[in-house]
Amino acid sequence: MSRQSLSIALSGSGGSGVMTTGSMLLEAAGKAGWYGIMTRSAGPQIRGGEAAALIRVSDQPLESHDDSFDLVLAIDPASLGRFMGEIPLREDSVIICDMAGGRRDASLPETLAREIDLPMKKMAKAVKGGRPNMIALGVLARVIGLPEGSIGGILEKVLRAKGADALEASQACVKEGYAAGAELPAFSGPPITDVPDGERWSITGNEAAGLGAVRGGVRFVAAYPITPATEVLEWLAGSLPKLGGVLVQAEDELASINQIIGASFGGKPSLTATSGPGLALMTESIGLAVCSEVPVVVLDVMRCGPSTGIATKNEQSDLNIALNGLHGDAPHLVLAPTSLSDCIFTTQWAVHLAEAMQTAAIVLSDQSLGQTRAIVDKPADIAFIAKRNVPEVVGETYRRYAIGDSPVSPMTIPGQPGGQYTADGLEHTEAGAPSSLYDDHLAQLDKRSNKITNFNFGEHWADIDGTGDTMVITWGSACGPVREALSRLRAQGTEVRMLAIRLLAPERPEDMRAALEGVKRVLLVEQSHSKQFYRYLRAAYDLPAEVKLFHRPGPLAFKPGEIIEQLSDWCGSEKL
Amino acid sequence: MSRQSLSIALSGSGGSGVMTTGSMLLEAAGKAGWYGIMTRSAGPQIRGGEAAALIRVSDQPLESHDDSFDLVLAIDPASLGRFMGEIPLREDSVIICDMAGGRRDASLPETLAREIDLPMKKMAKAVKGGRPNMIALGVLARVIGLPEGSIGGILEKVLRAKGADALEASQACVKEGYAAGAELPAFSGPPITDVPDGERWSITGNEAAGLGAVRGGVRFVAAYPITPATEVLEWLAGSLPKLGGVLVQAEDELASINQIIGASFGGKPSLTATSGPGLALMTESIGLAVCSEVPVVVLDVMRCGPSTGIATKNEQSDLNIALNGLHGDAPHLVLAPTSLSDCIFTTQWAVHLAEAMQTAAIVLSDQSLGQTRAIVDKPADIAFIAKRNVPEVVGETYRRYAIGDSPVSPMTIPGQPGGQYTADGLEHTEAGAPSSLYDDHLAQLDKRSNKITNFNFGEHWADIDGTGDTMVITWGSACGPVREALSRLRAQGTEVRMLAIRLLAPERPEDMRAALEGVKRVLLVEQSHSKQFYRYLRAAYDLPAEVKLFHRPGPLAFKPGEIIEQLSDWCGSEKL
Amino acid sequence: MTNEPRDRKKVIATTEELLAYSLALEEEAVERFNELADQMEVHNNHEVADLFYKLAEIEGKHVENVNRAAEGKQLPDLLAWEFDWVDEGYSPEGGALEDAHYLMQPWHAIELAKHGEQRAVAFFRHVASSATDAGVKKLAEELVAEEEEHVALLEQWQERFPRPEEDWDDDLDPPTILE
Amino acid sequence: MNDTSACSRLGPKEYKSGVKPVWCPGCGDFTVLGSLTKALSGLNIAPENAAVISGIGCSSRMPTYLSTYGFHGVHGRALALATGLKVARPDLTVIATGGDGDGFSIGGNHFLHTCRRNPDMTYIVMDNQVYGMTKGQASPTTEPNWEKGKLTPSGTGINPFQPLVIALASGANFIARCSSSDQNGTAKVIMEAIRHPGFSLVQVLSPCVTFRPEQREWKKLVQPAPVEATSDPAQAARRLLTDEGLYTGVLFKGHRPPYQPTLESTIDQVTELDEEFQL
Amino acid sequence: MNDTSACSRLGPKEYKSGVKPVWCPGCGDFTVLGSLTKALSGLNIAPENAAVISGIGCSSRMPTYLSTYGFHGVHGRALALATGLKVARPDLTVIATGGDGDGFSIGGNHFLHTCRRNPDMTYIVMDNQVYGMTKGQASPTTEPNWEKGKLTPSGTGINPFQPLVIALASGANFIARCSSSDQNGTAKVIMEAIRHPGFSLVQVLSPCVTFRPEQREWKKLVQPAPVEATSDPAQAARRLLTDEGLYTGVLFKGHRPPYQPTLESTIDQVTELDEEFQL
Ligand SMILES: Cc1ncc(C[n+]2csc(CCOP(=O)(O)OP(=O)(O)O)c2C)c(N)n1
Ligand SMILES: Cc1ncc(C[n+]2csc(CCOP(=O)(O)OP(=O)(O)O)c2C)c(N)n1
Ligand code: SF4
Ligand code: SF4
Ligand SMILES: [Mg+2]
Ligand SMILES: [Mg+2]
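Protein chains in written order, with the numbering used here: chain A, 1 to 576; chain B, 1 to 576; chain C, 1 to 179; chain D, 1 to 279; chain E, 1 to 279.
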């Protein structure tokens with residue numbers, strides 16, 4: 001599977017509209033039959049700050065940015081400096097920039113790339129109500145080879161609300177830009193294929209997680225806004241009411257988690273979404289869900305920590321707290337999507353698992369998965385939905401925490417006659433009465449632990465790919481660049497295995513043993529300063545003798561090329 | 001060091017005063033020159049429930065209960081049943097009990113032990129205002145060989161407030177009991193030695209932690225009551241004002257932790273104490289202390305989890321959350337006292353370390369260490385006190401988070417002219433301005449991590465003892481029984497090493513390597529259902545190939561004999 | 001505890017109504033003594049627990065008596081707060097819970113029971129004196145006599161137990177702390 | 001469990017679970033348990049259709065002693081948990097119970113916001129002006145000069161929390177004060193509170209005989225408020241700010257509509273949501 | 001940094017750190033920054049003797065822009081952190097700043113209890129009835145029918161939080177409302193608030209021009225309260241319950257003594273504590 005892709009960065013500042021432009025370009029690319037991703041980067045200002053839309057398009061599905069960018073369009077030169085760390089350029093990259101006078105602007109950062117001056121501001125001024133970003137849109141469409149018509153419908157959709165004049169002005173600008181683009185060096189974009197209508201989706205990981213939640217059966221959500229989880233909530237706030245569900249904006253995260261425990265106790269599959277600081281506030285009550293055996297799902301869209309850290313940037317550093325952040329012995333589920341569209345599956349599966357095992361599930365998504373928008377193949381609609389073990393009829397002596405043949409005991413729902421019990425965060429007897437005896441404590445600890453370690457998770461615990469005696473083990477948003485790296489190596493004839501762990505807790509020692517069969521060397525890839533994933537793997541599994549670790553904190557994303565470089569000692573020389 | 005000890009359980013119910021009786025007996029034993037420990041066990045009632053005082057006395061310092069009890073005195077037979085799991089008896093053990101009529105009371109549990117009827121209620125009734133527990137006190141003093149005079153002063157001290165009549169009645173009862181004791185089988189107690197006045201202390205681990213805190217320099221405490229940490233706070237509430245300090249009872253744990261961060265920012269070494277549920281609420285802000293580099297100490301007196309769990313019972317199951325419960329990459333210190341009196345040293349050292357490194361320290365004490373009362377040798381007064389790196393004069397461009405020769409940067413205190421800065425939980429530059437750049441993030445993550453991994457902790461990181469190629473590794477309250485087990489083995493000529501880890505984070509790979517030199521087999525002992533200590537060791541250290549794990553949840557305490565049994569495969573047959 | 005003044009204004013008009021009162025009174029007494037007995041049992045005060053169970057049993061007989069008297073009659077279905085007891089908002093045994101103590105002695109238990117019976121006497125007396133219906137008056141007077149008999153019995157019973165000493169509620173042990 | 005299909009009323013006893021309370025004899029909470037069962041019986045609510053939610057504290061042990069559904073959650077979070085349950089299951093009768101520490105100290109924020117949000121449920125606070133369960137520390141409602149709290153040996157020195165005033169100021173829809181010394185009166189108020197739409201607060205003065213034995217005197221001090229319940233917040237505020245905390249009865253009845261999102265779906269299938277993602 | 005030894009007054013400018021705010025141009029918070037520096041200048045407080053503490057939010061960025069000591073803590077905890085600082089260091093002038101979300105939603109409990117506790121510090125809340133920093137969700141002070149909050153697309157439907165009423169009910173000692181449209185007037189009130197002993201709350205109506213552009217109209221709607229500050233809580237309550245939230249000025253001044261434990265030692269040496277353990 002060789003991939004032909006183009007990487008484009010679009011930067012601007014002071015309200016120049018690069019994000020809208022980028023989204024429109026991505027959509028146009030999608031309509032034209034390409035796959036694509038777009039991520040955003042921005043300065044600390046809420047309005048008018050520097051912003052960059054980083055776009056990559058291809059004829060193959062994408063999960064990662066490329067090692068470098070082919071094309072940068074800077075609506076104003078100064079905006080670019082801030083993002084150069086994220087926009088590596090080559091000698092044959094091109095920067096199109098408005099130098100506003102023809103002389104190289106001093107604020108334009110020094111790069112290897114070729115610079116081309118394009119007076120976008122002036123061109124926009126020539127159009128009544130015209131804007132440079134619409135000029136840019138036309139230019140970009142042209143140089144990457146999109147048909148002129150691909151923009152029209154999108155313009156209309158986005159600008160309808162602004163009125164006919166605005167729409168016309170934009171159309172004129174795009175036209176101008178498209179024409180101007182003809183004078184510029186063209187890039188050979190991926191081949192344009194025909195895709196049947198509606199077979200491709202445009203979706204972010206955050207929307208995908210929301211969709212997975214409702215597909216899994218979630219009908220109650222309580223949450224407190226926090227970046228970068230807010231979009232999950234926004235999507236759910238709009239969608240739940242359509243399904244007879246509801247989202248409650250709570251006063252804080254302590255309320256959110258307890259509200260969903262209450263709703264779930266009432267029989268409704270429930271979820272909250274948050275990020276690191278909010279997760280920290282929830283751990284006490286996640287422990288309550290574990291102890292009282294009330295299913296809940298907590299989605300953590302990770303950002304840079306510690307503390308407030310960097311709220312808008314990616315990191316995989318909440319692994320520790322998700323796995324080990326509850327006090328006492330509190331076995332629970334921890335999952336992580338292995339790609340943007342897998343946010344649907346993993347969240348949905350988490351709902352299913354939490355309900356099946358009557359416990360808490362933490363889903364670790366991250367800023368990168370969550371806030372990236374991608375053009376993807378229409379995701380499959382899978383069968384996992386919430387199915388709780390609710391007894392049909394209740395016998396004379398219903399014991400909520402009975403230890404029977406299965407450690408998952410039948411759970412009645414308020415309203416069921418004869419099923420009354422008191423859910424408790426105190427240690428309890430099988431009947432749910434408080435107990436401080438060793439025997440009860442041990443029995444209930446065993447129950448809560450057995451129900452999740454003995455569960456049959458099937459094959460979904462990890463994505464396993466490839467052959468050979470070298471393996472990359474990784475998780476979350478780091479999977480994308482790893483997958484691309486390995487597919488590039490494969491294209492060169494080098495086979496490397498990949499293990500992307502979806503189910504982080506409980507541990508799956510046997511599955512891991514099977515997956516590691518024949519593996520001699522392992523490269524671990526994670527975006528954390530303190531090697532959290534590495535430590536987790538050491539604690540949980542027996543790894544091969546040769547282990548190499550590629551880790552760094554956020555926010556710099558991994559690039560496929562970096563992964564290949566890390567493997568070069570093993571794969572480069574020995575050519576496995 | 002061979003130890004001669006006597007183990008006595010005193011049980012009663014309905015307000016029979018066994019705790020007071022037990023305390024008085026312990027104090028008398030101390031006055032007589034013995035060492036001793038006393039732990040309490042009680043039913044779920046706040047008043048009038050079943051209660052047992054478990055006492056052990058010896059001519060050697062004690063840190064653990066014995067494998068079985070020599071003597072049980074039950075003021076009423078029914079009270080005993082609840083505690084039999086905690087009071088193992090032998091054939092030659094003796095139960096003294098008021099059968100109220102001479103026939104064996106049906107409520108008295110079946111045991112191997114010899115039962116002796118003693119009509120304590122009747123005897124007490126014969127004295128005006130007399131109480132059976134005072135009879136019991138006299139009886140016990142006699143049968144274990146305490147001089148009659150040893151009780152007098154203590155009676156007076158405790159009962160002074162109750163008036164002369166009450167005192168007289170009690171004295172009469174004790175006398176009665178003492179006389180009656182002469183008819184009963186006597187136990188050969190440890191030899192009575194002469195100890196100079198005041199060279200022995202009577203102290204609980206919770207008081208010891210409080211003392212360590214103020215010795216270390218703590219002058220500000222904010223906290224919210226929670227069992228079993230409350231006694232630390234009670235002691236501090238009384239003692240801090242004497243030292244010009246203060247304890248603030250906060251509205252909740254979120255307030256506690258933030259109040260101490262504020263006070264410490266203001267230059268006062270500060271601490272809070274809590275237990276699992278409270279620690280869970282604090283983790284977000286402990287991350288703030290880490291990120292903003294404000295020293296604080298959080299003492300967690302562990303109890304059975306998860307959730308509310310069993311609040312009054314021991315477990316070592318907050319290790320996970322203490323080590324890994326913060327979101328993001330948040331390196332901090334985790335310490336645990338290795339004995340009851342070490343609660344002084346470890347807490348004091350934690351204050352010193354937190355201040356020296358400007359970070360957060362979590363001290364993991366536990367219910368067993370905290371609520372046991374012991375007669376101990378007067379603890380040494382060690383030199384560690386809070387010493388923060390505060391610049392004498394502040395230069396032109398003070399940068400709070402400067403990365404200089406040392407990763408611990410000088411920290412000004414409000415009031416210092418020219419030293420103004422904004423402490424921040426956002427990622428920041430060296431000057432403290434918010435930053436979302438990779439370079440700043442990496443630099444500050446390195447700084448915060450280096451300062452604690454590069455620190456010279458010296459030898460205090462662990463207590464290391466013994467020789468041989470077998471080692472027991474343990475921590476916290478599990479150390480006591482292990483230490484006694486190994487000393488028993490030593491007395492039999494079998495040498496086993498012991499490693500009691502005091503500094504759990506940061507890891508000390510080199511120290512560990514040195515400690516494990518020549519060790520072939522390791523037994524791990526911990527009181528946790530999910531093997532938290534084992535997992536921690538696996539993640540952090542390279543252990544020898546042969547590792548055996550002896551773990552169970554709370555509340556049943558480990559016994560020296562159980563440890564010996566665990567070692568028997570290795571030490572019994574091979575006689576190392 | 002309503003916003004209405006405490007004085008009892010209502011006049012009991014029918015024997016059915018009075019029987020309903022009487023039944024509620026006795027039923028509540030049974031419930032109360034059982035509750036107190038349970039409390040004592042939980043707090044290991046078995047002597048007093050047994051005594052309260054006994055009292056509950058006796059009150060149970062009184063319930064039977066009232067039921068027998070009410071046979072064939074249609075008693076009004078009043079909710080707890082719809083009863084209009086004398087001077088306070090609760091039935092004559094209603095306050096007893098507050099007077100419990102885990103160290104209480106048999107003497108106290110009987111004192112507590114006696115107090116309830118005395119209040120019952122006062123209540124029925126009030127009913128008798130305010131009654132306008134002759135049947136009600138007669139029944140109320142019978143009930144007064146009955147309750148007076150109970151008071152007397154309890155007084156005899158109490159004499160069997162020593163009066164507790166002043167410091168009967170002393171407990172040197174600290175309370176157990178829980179969560 | 002009970003057969004609740006019959007149309008005849010269940011007696012108060014049938015709302016008890018049979019688990020024997022561990023409360024200290026004399027504790028006001030016993031009486032409140034009785035009042036609550038009487039109220040439930042009075043309303044003839046089937047035990048399976050009621051849920052009693054609490055946090056941690058002596059008073060928070062309530063659910064265990066009832067035959068309804070119950071949740072003994074974590075300290076301070078009862079109202080949040082109850083809100084989630086009520087919003088998700090508007091058909092249930094939801095009652096939260098707890099103490100002054102649980103509700104007004106660690107749980108203060110949820111108290112504020114639940115009053116504001118006004119879900120249709122009832123909150124019964126057994127106020128004993130102390131943390132009973134943890135050994136008698138001062139609570140938010142403790143008077144400033146009470147010197148027996150071991151963490152505040154010279155008294156708290158701070159203004160007591162005024163739960164009813166705060167409830168009024170944040171928008172509670174029904175506000176009452178009761179005394180555990182009057183079981184039937186309290187039962188009646190609880191019944192009214194459950195019936196009244198929106199969020200109802202019932203503060204019950206409930207003595208802690210172990211740590212505040214002097215509260216046994218409360219029964220002599222409380223008296224019915226001399227006026228009828230008002231529905232004018234300003235008038236209620238004036239009364240509450242000047243009463244000594246010892247007037248009992250329903251003190252305020254508001255008319256704000258309860259918070260209850262409609263839970264009616266407008267689409268049939270989750271897959272209908274797919275459309276918005278299609279290119 | 002500044003030389004503060006001179007007895008001459010430092011100008012407002014010298015209370016700025018020089019870090020350029022990232023706020024949206026037009027945001028009310030700029031004006032409040034100016035008011036605060038003017039108040040500090042007016043009181044001639046040396047920058048090293050003041051500490052400004054905040055949580056998270058646009059308004060919580062304040063400390064970074066000041067030349068005093070500062071703490072930009074975590075969301076909702078500013079008052080707790082500030083209380084610890086003030087109690088430990090009564091010599092400092094402690095000011096907490098933040099937004100309506102930080103202070104009244106996630107921080108609501110500390111707000112209640114800090115009013116109650118009454119430490120001698122000042123709390124400036126830039127109320128824009130919205131969560132600015134996280135993209136414009138409804139806050140506790142948002143009106144129930146505002147439909148632009150993306151988590152509450154049909155409005156919150158719930159009673160707005162009344163910060164001044166709650167402050168009064170929980171015992172704040174000084175209560176004022178200002179408008180960012182009047183920088184000098186706000187400066188004066190902040191100065192008074194700092195001077196007044198005990199806990200002072202200054203609510204500043206400070207528009208969020210990005211998410212609530214309609215708040216630009218506030219400056220036309222606010223007006224000075226027609227009456228003088230009262231020190232009678234009941235009177236203040238009546239006024240606050242009936243005003244529309246648009247009267248500015250000092251509205252209540254109480255006389256409760258501030259919470260401040262004396263920090264004087266009674267023993268010389270820690271070792272004197274050993275005695276109590278000696279057998
Ligand atoms: C997070 C947390 N902090 C502290 C505690 C300890 N705790 C349990 S109950 C309680 C106070 C209870 O007081 P209140 O609510 O008034 O109940 P009461 O016992 O007086 O009825 C406290 C502080 C806890 N269980 N959890
Ligand atoms: C624990 C936690 N939850 C949520 C957030 C996200 N968050 C940051 S600021 C904010 C709201 C700020 O609103 P406000 O205090 O009114 O400040 P404004 O931006 O309007 O000035 C939220 C929800 C966070 N940082 N931490
Ligand atoms: S400690 Fe107080 S509140 Fe708790 S049960 Fe006893 S009397 Fe009641
Ligand atoms: S988003 Fe609103 S509150 Fe934040 S800086 Fe902009 S205008 Fe101000
Ligand atoms: Mg209380
Ligand atoms: Mg705001």
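The set of hints was computed from the structure by calculation and includes no laboratory data. In this text, all values refer to a predicted model and were calculated from it rather than measured experimentally. Do not rely on the hints blindly, as some may be mistaken.
[Unchecked claim] Once the Cα atoms are required to be at most 20 Å apart in a straight line, the calculated SDA-like pairs of lysine to any residue come out as:
no., chain 1, residue 1, chain 2, residue 2
1, D, Lys220, C, His115
2, A, Lys447, A, Glu430
3, B, Lys125, C, Asp171
4, A, Lys121, A, Thr111
5, E, Lys253, E, Gln269
6, A, Lys559, B, Asp439
7, D, Lys16, C, Ala56
8, B, Lys242, E, Asp243
9, B, Lys378, E, Asp232
10, E, Lys20, A, Pro44
11, B, Lys520, B, Ala505
12, D, Lys150, E, Phe277
13, B, Lys128, C, His115
14, B, Lys378, B, Asp194
15, B, Lys387, E, Leu241
16, A, Lys447, B, Lys531
17, A, Lys447, A, Phe457
We went through each hint and held it up to the structure:
no. : hint                   : result
1   : D:Lys220 with C:His115 : holds, 17 Å
2   : A:Lys447 with A:Glu430 : holds, 10 Å
3   : B:Lys125 with C:Asp171 : holds, 17 Å
4   : A:Lys121 with A:Thr111 : violated, 23 Å
5   : E:Lys253 with E:Gln269 : violated, 42 Å
6   : A:Lys559 with B:Asp439 : holds, 17 Å
7   : D:Lys16 with C:Ala56   : holds, 18 Å
8   : B:Lys242 with E:Asp243 : violated, 48 Å
9   : B:Lys378 with E:Asp232 : violated, 58 Å
10  : E:Lys20 with A:Pro44   : holds, 11 Å
11  : B:Lys520 with B:Ala505 : violated, 24 Å
12  : D:Lys150 with E:Phe277 : holds, 19 Å
13  : B:Lys128 with C:His115 : violated, 29 Å
14  : B:Lys378 with B:Asp194 : holds, 15 Å
15  : B:Lys387 with E:Leu241 : violated, 52 Å
16  : A:Lys447 with B:Lys531 : holds, 16 Å
17  : A:Lys447 with A:Phe457 : holds, 18 Å
Hint violations for this structure: numbers 4, 5, 8, 9, 11, 13, 15, all remaining hints satisfied.
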